[in-house]
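Put together the whole structure using the sequences plus the hints.
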Amino acid sequence: MWDKAVIAILAWFITIYKYGAMRRDAQWRTGSVTFYFWAFSLFTAIGLTLMIWPVYLVFNRLVGLPNFGWLVTYAAFALAIYCMAAGCYIVLEQPRPRLMSWSLLLTLATMFVVYIVGIVTLPEKADHTVPDVLAEVVFMETIYIYMAILSAIPMFTFIRLVWYEQIVSARLRWFVGFFASFFSFAVLFVKILLTIVAFKDPLTPALNILNPLLTMAIIAVGVFMTLAFLPNKLYQVAALPFEFLGKLLALYELRSLKNRLDPLCPPVVTGRSGLKNTLGNLDYHLYRVLIAILDAKKTLTGHAVITNDLTMKPEIPVRSVGRAPLEWDDWKLQQARFLHHALQTVNDEQSFAALVKSYQRVSRTVRWKEAGSFSIGGKAFDVAYQN
Amino acid sequence: MTIETRMKNILDDLGFDFSQFTMNSFVDWIEKTRGRKISFIPWEMPPGMFGVWMSDADEPVEHVFIDKNVPSMHQVHIQLHEVSHIICEHPTARLSKDEMGGLLLKALDDPSVLNEALLRAPAKKELEEEAEIMAALIQHQVIEHQRLQQLGVAASSNENVIDHLQSLGLV
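Going line by line, the protein sequences match chains A and B.
Numbered per this note's numbering, the first sequence spans residues 1 to 387.
Numbered per this note's numbering, the second sequence spans residues 1001 to 1171.
Careful: at least some of the hints might be erroneous.
Unchecked claim - Simulated crosslink set (DSS-like; lysine-lysine; CA at most 25 Å straight-line): (1) K1032(B) x K1008(B); (2) K18(A) x K125(A); (3) K1068(B) x K1097(B); (4) K369(A) x K313(A); (5) K369(A) x K332(A); (6) K1125(B) x K313(A); (7) K1037(B) x K1068(B); (8) K125(A) x K247(A); (9) K1068(B) x K357(A); (10) K1032(B) x K276(A); (11) K1125(B) x K332(A); (12) K1068(B) x K1106(B).
In case anyone wonders, no lab produced these hints; they're calculated from the structure.
Spelled out as structure tokens, the structure:
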């Protein structure tokens, strides 16, 4: 009972904590993500609260209908998963399928009918894991199957968010969200199995495996669900080690690309920073190296316009204030053409993190191509190490 | 004294609070301290040119032309570089309204004529180095004060998701 009470308290904490944020959202009345996610936590809290045996009994006495708490619990969970899925469709910027609303109504109607026909007359029991009669099987399987199908929507939403996310702290949150939805799906999948297995043979040894699995999955859902609603600052702290390593790798790759561009498009300022300074100011150095690449890209693009896509040297040297004049021989011209085409694969109207990733990719591609086949007169060449 | 130390001293003397940095607030501050308005104008630039700064000989206005074809993050950098020239009180071409009008009219057809303006300015390598170092110092301050989003970094790479995170009170 205490495990359910703790999870219910957590759910209520999230619901109350996020109520202010939901009300501050101007769009909440018309169904915003904030509203749907808050409604999800509210319905989950209601369902979890009614799973606590004394609360369940008190509720049934108050209403005057045996097992009515069971119906309300399942209805609350059906609404919770519906809200979560509806919020996911907004995040995905996709229209919500009409089938989703109809399937909710059908599920609620089926449960209500089964409750009237076969559940209201049953004696109340604390453990609803094992069904005793067929009506209970239908009642339980209806909600489990409905929720299992809908829980796939958040799962795929989080996979997509993880896939496209460039910022480590946000990616961590999407991972947590994915695990929360994955374990929700696991809970429901085990429940579907367990209900049928236990109904056929309540003493089957399979229950010794399924029951602990179910408990672990429920605990995992509680933990990941709570983590998913933590403020961004905590995610930023958790992401620090990953970010540090990621930025270090990015800086190495971007500098490798910049080193290839420098001999072709000399920068205004040259100079190296020490290791301590670099490690202590990774964001700054990443930003600067990215700007240097954008500078070189713009210079190469300008040259491409006046040299027929860098197929010949410019007739008149291009003046670039404060920079050494470009003096290219055939060798450098070929390298310039090669790098220009590689740089053109990046759309520069992206966020900083996405730009870093894109130019990391370019740097890797350039290295691979050079290592593989780029050569002049049988000699592999690498401008990056010329000076 | 190294160029970097000199630039650091100039930046310190400016007395700007980088914990409140936005491009607009920074430019406002420079306008106030230098007593001249700064006007940014997106423009088609010739190859090899990123930005051009010209002083108005008739009014207290600095005209900063920025390459309109480069990405927004790069434009912010070019703006900072040109503003750095102003902060360092570098000399530049001073054109009357008529001269500037004529030059820009010609530049509409052939952007390379903007080079003429530069040829009239003492565009020494040392001045460019100073401006670039000053821009780098400003960027260092901005990033040190965790205002990197003002230069193009956000809580998520998906702008819609940022809105959702903000409305959920998670950012």
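Hint-by-hint comparison with the structure:
About 20 Å separates the Cα atoms of K1032(B) and K1008(B), which keeps this hinted pair within 25 Å; it holds. Distance hint between K18(A) and K125(A) is unfulfilled; the C-alpha atoms sit about 34 Å from each other, more than 25 Å. Under the criterion of a C-alpha separation no larger than 25 Å, the hint pairing K1068(B) with K1097(B) is consistent with the structure, at around 22 Å. With a C-alpha separation of about 24 Å, the suggested pair K369(A) and K313(A) falls inside the 25 Å cut-off, and the hint holds.
Between K369(A) and K332(A) the alpha-carbon distance is near 16 Å, which keeps this suggested pair within the 25 Å criterion. Proposed proximity of K1125(B) and K313(A) is supported: the alpha carbons are some 24 Å apart, at most 25 Å. Proposed proximity of K1037(B) and K1068(B) is supported: the alpha carbons are some 21 Å apart, at most 25 Å. Simply put, K125(A) and K247(A) have alpha-carbon atoms about 56 Å apart, too far for the 25 Å limit, and the pair is violated.
For the proposed pair K1068(B) and K357(A), the alpha carbon gap of about 24 Å is at most 25 Å, so the pair holds. At most 25 Å may separate the alpha-carbon atoms for a hinted pair to count; K1032(B) and K276(A) exceed this at roughly 37 Å. The hinted pair formed by K1125(B) and K332(A) meets the criterion: a straight-line CA distance of about 24 Å does not exceed 25 Å. Annotation: proposed proximity of K1068(B) to K1106(B) holds, straight-line Cα distance about 17 Å (limit 25 Å).
Violated hints, listed in ascending order, are 2, 8, 10; each of the other numbered hints is respected by the structure.
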